[in-house]
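All residue numbers for the sequence shown refer to this note's numbering, where the first residue is -4 and numbers rise by one.
There may be inaccurate statements among the hints.
As the list claims (entries may be wrong) - If you anchor each label on the Cβ, the simulated ranges turn out as follows:
{"id": "1", "residue 1": "176", "residue 2": "305", "range": "25 to 33 Å"}
{"id": "2", "residue 1": "50", "residue 2": "3", "range": "33 to 41 Å"}
{"id": "3", "residue 1": "98", "residue 2": "278", "range": "51 to 59 Å"}
{"id": "4", "residue 1": "73", "residue 2": "288", "range": "42 to 50 Å"}
{"id": "5", "residue 1": "75", "residue 2": "7", "range": "41 to 49 Å"}
{"id": "6", "residue 1": "178", "residue 2": "96", "range": "41 to 49 Å"}
{"id": "7", "residue 1": "50", "residue 2": "92", "range": "42 to 50 Å"}
{"id": "8", "residue 1": "313", "residue 2": "262", "range": "39 to 47 Å"}
These are computed hints drawn from the structure, not numbers from a lab. We put the CB at the ideal spot given by N, CA and C, even for glycine.
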Amino acid sequence: MSGRNSAAAVLGRSTRPIDLGSVRDFYRCRSVLVAGAGGRIGSALCRAIRHSGCQQISGLDCDEHALVDLLGVDGFASDERFKEFLCNVRDPARIAQIFTQRQPDIVLHAAALKPVAFCERHAAECVLTNLVGVRNMADAVERSGASMMVHVSSDKAAAPTSLVGACMRLAELHLTWRDRQALAHGGSARFATVRIGNVFGSRGSVIEAFARQIARGGPVTLTDRGMRRYFMTVEEAVGLILRAGASEATGGGTWLLDVGQPVYIRDVAARMIALSGKDIDIVACAPGESEKLEEDLYDAHERATHSGVEGVLRLDTLANRPVTKNDIDDLEALIRDGGGADVRARVFGLLSACLGETDQADMATGDESGRESLAASAHPQH
(Lines of atoms letter the chains of each structure in order from A and count residues from 1; the text may use other names and numbers.)
(Lines give C-alpha, C1' and ligand atoms only; values in the text may rest on other atoms or scores of the structure.)
Protein backbone atom coordinates (compact mmCIF):
# COMPACT_ATOMS: atom_id res chain seq x y z
CA MET A 1 0.00 0.00 0.00
CA SER A 2 1.53 3.30 -1.05
CA GLY A 3 1.97 6.28 1.22
CA ARG A 4 -0.76 8.10 -0.70
CA ASN A 5 -3.20 5.42 0.36
CA SER A 6 -2.46 5.86 4.06
CA ALA A 7 -4.82 4.33 6.60
CA ALA A 8 -6.01 7.73 7.80
CA ALA A 9 -6.82 8.92 4.27
CA VAL A 10 -8.56 5.73 3.19
CA LEU A 11 -10.43 4.93 6.41
CA GLY A 12 -11.35 8.52 7.21
CA ARG A 13 -10.13 8.41 10.82
CA SER A 14 -6.96 8.95 12.80
CA THR A 15 -5.20 5.87 14.11
CA ARG A 16 -4.84 5.14 17.83
CA PRO A 17 -1.81 2.91 18.42
CA ILE A 18 -1.29 1.71 21.99
CA ASP A 19 1.67 3.14 23.93
CA LEU A 20 4.15 0.27 24.11
CA GLY A 21 6.74 1.92 26.35
CA SER A 22 6.07 -0.18 29.45
CA VAL A 23 5.10 -3.20 27.37
CA ARG A 24 8.54 -3.34 25.75
CA ASP A 25 10.09 -3.62 29.19
CA PHE A 26 7.95 -6.71 29.80
CA TYR A 27 9.35 -8.49 26.73
CA ARG A 28 12.96 -7.64 27.52
CA CYS A 29 15.01 -10.83 28.16
CA ARG A 30 11.99 -13.03 27.32
CA SER A 31 11.78 -15.86 24.81
CA VAL A 32 8.85 -15.22 22.45
CA LEU A 33 7.31 -17.61 19.93
CA VAL A 34 5.17 -16.22 17.09
CA ALA A 35 2.96 -18.69 15.19
CA GLY A 36 2.02 -17.39 11.75
CA ALA A 37 5.23 -15.36 11.74
CA GLY A 38 5.25 -14.92 7.97
CA GLY A 39 1.88 -13.16 7.80
CA ARG A 40 1.25 -9.42 7.94
CA ILE A 41 0.46 -9.46 11.66
CA GLY A 42 2.99 -12.16 12.57
CA SER A 43 5.90 -10.47 10.81
CA ALA A 44 4.98 -7.11 12.36
CA LEU A 45 4.95 -8.78 15.79
CA CYS A 46 8.42 -10.19 15.14
CA ARG A 47 9.73 -6.75 14.16
CA ALA A 48 8.19 -5.09 17.21
CA ILE A 49 9.52 -7.74 19.60
CA ARG A 50 12.99 -7.47 18.05
CA HIS A 51 13.19 -3.87 19.29
CA SER A 52 12.19 -4.79 22.85
CA GLY A 53 15.50 -6.36 23.83
CA CYS A 54 14.01 -9.85 23.97
CA GLN A 55 16.23 -12.86 24.54
CA GLN A 56 15.08 -14.76 21.47
CA ILE A 57 12.30 -14.94 18.87
CA SER A 58 10.99 -18.15 17.32
CA GLY A 59 9.02 -17.65 14.10
CA LEU A 60 6.71 -20.50 13.02
CA ASP A 61 4.94 -20.69 9.67
CA CYS A 62 3.93 -23.36 7.15
CA ASP A 63 4.57 -20.97 4.23
CA GLU A 64 8.23 -21.29 3.26
CA HIS A 65 8.11 -18.23 1.00
CA ALA A 66 6.82 -16.09 3.86
CA LEU A 67 9.65 -17.28 6.10
CA VAL A 68 12.22 -16.58 3.37
CA ASP A 69 10.86 -13.04 3.08
CA LEU A 70 11.03 -12.65 6.85
CA LEU A 71 14.68 -13.71 6.83
CA GLY A 72 15.66 -11.61 3.83
CA VAL A 73 13.42 -8.59 3.39
CA ASP A 74 12.97 -8.01 7.12
CA GLY A 75 16.60 -8.79 7.90
CA PHE A 76 16.08 -11.52 10.47
CA ALA A 77 18.74 -13.74 8.85
CA SER A 78 21.44 -11.64 10.54
CA ASP A 79 19.71 -11.55 13.95
CA GLU A 80 21.19 -14.27 16.14
CA ARG A 81 18.16 -14.13 18.44
CA PHE A 82 15.80 -15.22 15.67
CA LYS A 83 15.17 -18.76 14.49
CA GLU A 84 12.62 -19.70 11.85
CA PHE A 85 10.71 -22.97 11.92
CA LEU A 86 8.80 -24.45 9.00
CA CYS A 87 5.89 -25.86 10.96
CA ASN A 88 2.17 -26.40 10.59
CA VAL A 89 0.15 -25.73 13.73
CA ARG A 90 -1.75 -28.96 12.96
CA ASP A 91 1.40 -30.94 13.85
CA PRO A 92 1.57 -31.32 17.65
CA ALA A 93 4.73 -33.44 17.59
CA ARG A 94 6.64 -30.79 15.63
CA ILE A 95 5.33 -28.06 17.92
CA ALA A 96 6.51 -30.04 20.96
CA GLN A 97 10.00 -30.36 19.46
CA ILE A 98 10.21 -26.62 18.92
CA PHE A 99 9.04 -25.87 22.45
CA THR A 100 11.66 -28.24 23.86
CA GLN A 101 14.38 -26.55 21.82
CA ARG A 102 13.37 -22.92 22.35
CA GLN A 103 11.56 -22.91 25.71
CA PRO A 104 9.32 -19.89 24.95
CA ASP A 105 7.92 -17.76 27.77
CA ILE A 106 5.31 -15.99 25.65
CA VAL A 107 3.38 -17.45 22.69
CA LEU A 108 1.60 -15.17 20.20
CA HIS A 109 -0.64 -17.30 17.98
CA ALA A 110 -1.45 -15.50 14.72
CA ALA A 111 -1.72 -18.58 12.48
CA ALA A 112 -5.10 -19.00 10.77
CA LEU A 113 -6.98 -19.63 7.55
CA LYS A 114 -9.06 -16.51 6.94
CA PRO A 115 -10.78 -16.19 3.52
CA VAL A 116 -14.44 -16.77 4.36
CA ALA A 117 -15.72 -18.25 1.10
CA PHE A 118 -12.60 -20.38 0.62
CA CYS A 119 -12.89 -21.84 4.12
CA GLU A 120 -16.54 -22.71 3.54
CA ARG A 121 -15.40 -24.88 0.62
CA HIS A 122 -12.62 -26.43 2.70
CA ALA A 123 -14.42 -26.79 6.00
CA ALA A 124 -12.33 -29.60 7.46
CA GLU A 125 -9.09 -27.75 6.75
CA CYS A 126 -10.48 -24.62 8.38
CA VAL A 127 -11.35 -26.52 11.56
CA LEU A 128 -8.00 -28.31 11.67
CA THR A 129 -6.06 -25.05 11.42
CA ASN A 130 -8.27 -22.52 13.21
CA LEU A 131 -9.46 -24.70 16.08
CA VAL A 132 -7.37 -27.86 16.36
CA GLY A 133 -4.24 -25.77 15.75
CA VAL A 134 -5.12 -23.52 18.68
CA ARG A 135 -5.65 -26.58 20.89
CA ASN A 136 -2.27 -27.96 19.81
CA MET A 137 -0.51 -24.73 20.71
CA ALA A 138 -2.32 -24.45 24.04
CA ASP A 139 -1.33 -28.04 24.88
CA ALA A 140 2.31 -27.19 24.21
CA VAL A 141 2.08 -24.04 26.33
CA GLU A 142 0.72 -25.97 29.30
CA ARG A 143 3.26 -28.78 29.03
CA SER A 144 6.28 -26.53 28.55
CA GLY A 145 5.76 -24.15 31.45
CA ALA A 146 5.31 -21.08 29.24
CA SER A 147 3.60 -18.24 31.09
CA MET A 148 1.28 -16.69 28.47
CA MET A 149 -0.49 -17.48 25.20
CA VAL A 150 -2.32 -14.85 23.17
CA HIS A 151 -4.59 -16.01 20.35
CA VAL A 152 -5.28 -13.56 17.52
CA SER A 153 -8.99 -13.87 16.75
CA SER A 154 -11.34 -11.92 14.49
CA ASP A 155 -14.47 -9.79 14.76
CA LYS A 156 -16.05 -12.56 12.69
CA ALA A 157 -16.21 -14.46 16.00
CA ALA A 158 -19.01 -12.15 17.18
CA ALA A 159 -22.46 -13.53 16.25
CA PRO A 160 -20.71 -15.78 13.72
CA THR A 161 -22.37 -16.87 10.50
CA SER A 162 -19.27 -18.19 8.73
CA LEU A 163 -17.17 -21.23 9.56
CA VAL A 164 -14.15 -18.97 10.07
CA GLY A 165 -16.07 -16.95 12.65
CA ALA A 166 -17.50 -20.02 14.39
CA CYS A 167 -14.06 -21.64 14.69
CA MET A 168 -12.60 -18.40 16.03
CA ARG A 169 -15.37 -18.13 18.63
CA LEU A 170 -14.92 -21.75 19.72
CA ALA A 171 -11.17 -21.16 20.01
CA GLU A 172 -11.84 -18.11 22.19
CA LEU A 173 -14.16 -20.11 24.44
CA HIS A 174 -11.62 -22.92 24.63
CA LEU A 175 -8.84 -20.60 25.77
CA THR A 176 -11.16 -19.01 28.32
CA TRP A 177 -11.77 -22.52 29.68
CA ARG A 178 -8.02 -23.17 29.73
CA ASP A 179 -7.38 -19.93 31.60
CA ARG A 180 -10.03 -20.67 34.22
CA GLN A 181 -8.68 -24.20 34.64
CA ALA A 182 -5.20 -22.80 35.20
CA LEU A 183 -6.49 -20.37 37.83
CA ALA A 184 -8.50 -23.07 39.60
CA HIS A 185 -5.73 -25.66 39.65
CA GLY A 186 -2.60 -23.55 40.02
CA GLY A 187 -1.42 -23.79 36.42
CA SER A 188 1.50 -21.63 35.36
CA ALA A 189 0.10 -20.44 32.03
CA ARG A 190 -2.48 -17.75 31.30
CA PHE A 191 -4.51 -17.59 28.10
CA ALA A 192 -5.99 -14.52 26.39
CA THR A 193 -7.53 -13.62 23.05
CA VAL A 194 -7.31 -10.46 20.98
CA ARG A 195 -10.25 -9.87 18.65
CA ILE A 196 -9.23 -7.70 15.72
CA GLY A 197 -11.11 -6.25 12.78
CA ASN A 198 -10.02 -6.17 9.16
CA VAL A 199 -6.35 -5.21 9.09
CA PHE A 200 -5.54 -2.40 6.67
CA GLY A 201 -3.56 -3.69 3.71
CA SER A 202 -3.17 -7.28 4.91
CA ARG A 203 -2.80 -10.07 2.35
CA GLY A 204 -6.16 -10.92 0.81
CA SER A 205 -7.84 -7.85 2.31
CA VAL A 206 -10.38 -5.72 0.49
CA ILE A 207 -7.85 -2.86 0.50
CA GLU A 208 -5.37 -5.01 -1.39
CA ALA A 209 -8.06 -6.15 -3.84
CA PHE A 210 -9.16 -2.57 -4.53
CA ALA A 211 -5.55 -1.49 -5.07
CA ARG A 212 -5.07 -4.19 -7.72
CA GLN A 213 -8.34 -3.29 -9.46
CA ILE A 214 -7.44 0.41 -9.48
CA ALA A 215 -3.97 -0.35 -10.86
CA ARG A 216 -5.62 -2.27 -13.74
CA GLY A 217 -7.94 0.65 -14.46
CA GLY A 218 -11.05 -0.78 -12.82
CA PRO A 219 -13.79 -1.36 -12.30
CA VAL A 220 -13.71 -1.67 -8.51
CA THR A 221 -16.15 -4.37 -7.39
CA LEU A 222 -18.06 -4.32 -4.11
CA THR A 223 -20.01 -7.14 -2.52
CA ASP A 224 -22.79 -4.72 -1.58
CA ARG A 225 -23.02 -0.92 -1.35
CA GLY A 226 -24.45 -1.25 2.16
CA MET A 227 -21.60 -3.39 3.49
CA ARG A 228 -19.65 -1.99 6.45
CA ARG A 229 -16.54 -3.28 8.18
CA TYR A 230 -14.35 -2.45 11.16
CA PHE A 231 -10.78 -1.69 10.16
CA MET A 232 -7.58 -1.34 12.12
CA THR A 233 -3.98 -0.72 11.14
CA VAL A 234 -1.19 -3.24 11.61
CA GLU A 235 0.29 -0.96 14.28
CA GLU A 236 -2.99 -0.92 16.20
CA ALA A 237 -3.31 -4.70 16.00
CA VAL A 238 0.29 -5.31 17.07
CA GLY A 239 -0.03 -2.90 19.98
CA LEU A 240 -3.15 -4.65 21.24
CA ILE A 241 -1.60 -8.12 20.91
CA LEU A 242 1.60 -7.15 22.70
CA ARG A 243 -0.38 -5.41 25.43
CA ALA A 244 -2.45 -8.56 25.96
CA GLY A 245 0.71 -10.66 26.04
CA ALA A 246 2.05 -8.51 28.84
CA SER A 247 -1.05 -9.15 30.97
CA GLU A 248 0.05 -12.48 32.45
CA ALA A 249 -0.74 -11.21 35.96
CA THR A 250 -4.38 -10.56 35.06
CA GLY A 251 -4.58 -12.94 32.07
CA GLY A 252 -7.74 -14.24 30.48
CA GLY A 253 -10.63 -12.78 28.57
CA THR A 254 -10.86 -11.27 25.13
CA TRP A 255 -9.30 -7.90 24.37
CA LEU A 256 -10.89 -5.46 21.94
CA LEU A 257 -9.69 -2.09 20.60
CA ASP A 258 -11.97 0.87 20.00
CA VAL A 259 -11.66 1.51 16.28
CA GLY A 260 -14.69 3.77 16.06
CA GLN A 261 -17.66 3.24 13.80
CA PRO A 262 -17.65 0.65 11.01
CA VAL A 263 -16.69 2.03 7.61
CA TYR A 264 -18.77 1.69 4.46
CA ILE A 265 -16.77 -0.35 1.96
CA ARG A 266 -18.08 1.87 -0.83
CA ASP A 267 -16.50 4.90 0.90
CA VAL A 268 -13.17 3.09 1.17
CA ALA A 269 -13.30 2.34 -2.56
CA ALA A 270 -14.24 5.93 -3.41
CA ARG A 271 -11.38 7.37 -1.33
CA MET A 272 -8.85 5.01 -2.90
CA ILE A 273 -10.05 5.92 -6.39
CA ALA A 274 -9.85 9.63 -5.55
CA LEU A 275 -6.30 9.22 -4.22
CA SER A 276 -5.31 7.44 -7.43
CA GLY A 277 -6.48 10.37 -9.56
CA LYS A 278 -8.25 8.00 -11.94
CA ASP A 279 -11.85 7.92 -13.16
CA ILE A 280 -12.97 4.39 -12.24
CA ASP A 281 -16.44 2.90 -11.84
CA ILE A 282 -17.63 1.10 -8.70
CA VAL A 283 -19.74 -2.00 -9.38
CA ALA A 284 -21.79 -3.87 -6.73
CA CYS A 285 -22.55 -7.59 -6.68
CA ALA A 286 -24.38 -9.94 -4.29
CA PRO A 287 -22.93 -10.98 -0.90
CA GLY A 288 -21.35 -14.40 -0.77
CA GLU A 289 -22.72 -17.28 1.26
CA SER A 290 -22.12 -16.87 5.02
CA GLU A 291 -20.92 -13.28 4.48
CA LYS A 292 -22.48 -10.52 6.59
CA LEU A 293 -23.34 -7.04 5.40
CA GLU A 294 -22.09 -5.81 8.78
CA GLU A 295 -19.69 -7.33 11.28
CA ASP A 296 -20.15 -7.14 15.04
CA LEU A 297 -17.48 -6.41 17.63
CA TYR A 298 -19.24 -8.41 20.33
CA ASP A 299 -22.66 -9.92 20.86
CA ALA A 300 -25.32 -10.63 23.46
CA HIS A 301 -23.38 -13.61 24.84
CA GLU A 302 -20.59 -11.34 26.09
CA ARG A 303 -20.17 -8.55 28.61
CA ALA A 304 -17.81 -5.66 27.87
CA THR A 305 -15.78 -4.06 30.67
CA HIS A 306 -13.01 -1.49 30.69
CA SER A 307 -9.54 -3.02 30.68
CA GLY A 308 -7.73 -0.16 32.39
CA VAL A 309 -5.99 0.67 29.10
CA GLU A 310 -7.37 3.69 27.25
CA GLY A 311 -9.46 2.68 24.25
CA VAL A 312 -9.36 -1.04 25.09
CA LEU A 313 -12.20 -3.22 26.39
CA ARG A 314 -12.18 -6.75 27.73
CA LEU A 315 -15.00 -9.14 26.94
CA ASP A 316 -16.20 -11.70 29.46
CA THR A 317 -18.14 -14.64 28.07
CA LEU A 318 -21.70 -15.34 29.18
CA ALA A 319 -21.67 -18.77 27.54
CA ASN A 320 -23.68 -21.57 29.12
CA ARG A 321 -20.83 -24.07 28.92
CA PRO A 322 -17.13 -24.09 28.00
CA VAL A 323 -15.39 -25.57 25.00
CA THR A 324 -13.21 -28.28 26.48
CA LYS A 325 -10.28 -30.20 25.04
CA ASN A 326 -12.59 -33.20 24.59
CA ASP A 327 -14.93 -31.11 22.42
CA ILE A 328 -12.10 -30.26 20.04
CA ASP A 329 -10.74 -33.80 20.16
CA ASP A 330 -14.16 -35.05 19.03
CA LEU A 331 -14.27 -32.63 16.09
CA GLU A 332 -10.78 -33.66 15.03
CA ALA A 333 -11.70 -37.36 15.26
CA LEU A 334 -14.77 -36.72 13.08
CA ILE A 335 -12.56 -35.21 10.39
CA ARG A 336 -9.80 -37.80 10.64
CA ASP A 337 -12.39 -40.59 10.40
CA GLY A 338 -13.75 -39.24 7.14
CA GLY A 339 -16.70 -37.26 8.50
CA GLY A 340 -15.57 -33.92 7.09
CA ALA A 341 -18.84 -33.43 5.20
CA ASP A 342 -20.67 -33.03 8.52
CA VAL A 343 -18.10 -30.84 10.20
CA ARG A 344 -19.80 -27.48 9.58
CA ALA A 345 -23.04 -28.64 11.19
CA ARG A 346 -21.10 -30.10 14.11
CA VAL A 347 -19.16 -26.86 14.63
CA PHE A 348 -22.31 -24.74 14.72
CA GLY A 349 -24.07 -27.34 16.85
CA LEU A 350 -21.31 -27.13 19.45
CA LEU A 351 -21.37 -23.34 19.32
CA SER A 352 -25.16 -23.27 19.82
CA ALA A 353 -24.82 -25.60 22.81
CA CYS A 354 -22.19 -23.31 24.34
CA LEU A 355 -24.04 -20.05 23.76
CA GLY A 356 -27.47 -21.34 24.77
CA GLU A 357 -30.60 -22.08 22.78
CA THR A 358 -29.71 -19.64 20.00
CA ASP A 359 -30.76 -21.15 16.68
CA GLN A 360 -29.04 -20.82 13.36
CA ALA A 361 -31.38 -18.03 12.18
CA ASP A 362 -30.56 -15.89 15.21
CA MET A 363 -26.85 -16.47 14.76
CA ALA A 364 -27.05 -15.61 11.08
CA THR A 365 -28.87 -12.36 11.84
CA GLY A 366 -26.37 -11.29 14.47
CA ASP A 367 -26.69 -8.92 17.39
CA GLU A 368 -26.73 -5.16 16.94
CA SER A 369 -25.05 -4.29 20.25
CA GLY A 370 -21.50 -4.64 18.99
CA ARG A 371 -21.91 -2.25 16.08
CA GLU A 372 -21.69 0.89 18.14
CA SER A 373 -18.37 2.57 18.84
CA LEU A 374 -16.66 1.17 21.90
CA ALA A 375 -16.14 4.71 23.05
CA ALA A 376 -19.87 4.79 23.75
CA SER A 377 -19.79 1.45 25.56
CA ALA A 378 -18.89 2.43 29.09
CA HIS A 379 -22.10 0.76 30.22
CA PRO A 380 -22.91 -1.78 27.50
CA GLN A 381 -26.38 -3.24 27.53
CA HIS A 382 -26.48 -7.05 27.19
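Consistency of the hints with the structure:
At about 31 Å, the beta-carbon gap between residue 176 and residue 305 stays in the expected band of 25 to 33 Å. Distance hint check for residue 50 and residue 3: the Cβ-Cβ separation is about 36 Å, which falls inside the suggested range of 33 to 41 Å. Under the hint 51 to 59 Å, the C-beta atoms of residue 98 and residue 278, about 53 Å apart, fit the expected range. Remark: the range hint 42 to 50 Å for residue 73 to residue 288 is upheld by a beta-carbon distance near 47 Å.
The supplied range of 41 to 49 Å is met by residue 75 and residue 7, whose beta-carbon atoms lie about 43 Å from each other. Judged by the Cβ atoms, the range 41 to 49 Å given for residue 178 and residue 96 is violated: they are separated by roughly 29 Å. Residue 50 and residue 92 have their C-beta atoms about 20 Å apart, which leaves the hinted 42 to 50 Å range violated. Distance hint check: the CB atoms of residue 313 and residue 262 are about 34 Å apart, inconsistent with the given range 39 to 47 Å.
Checked against the numbered hints above, the structure violates hints 6, 7, 8; every other hint is satisfied.
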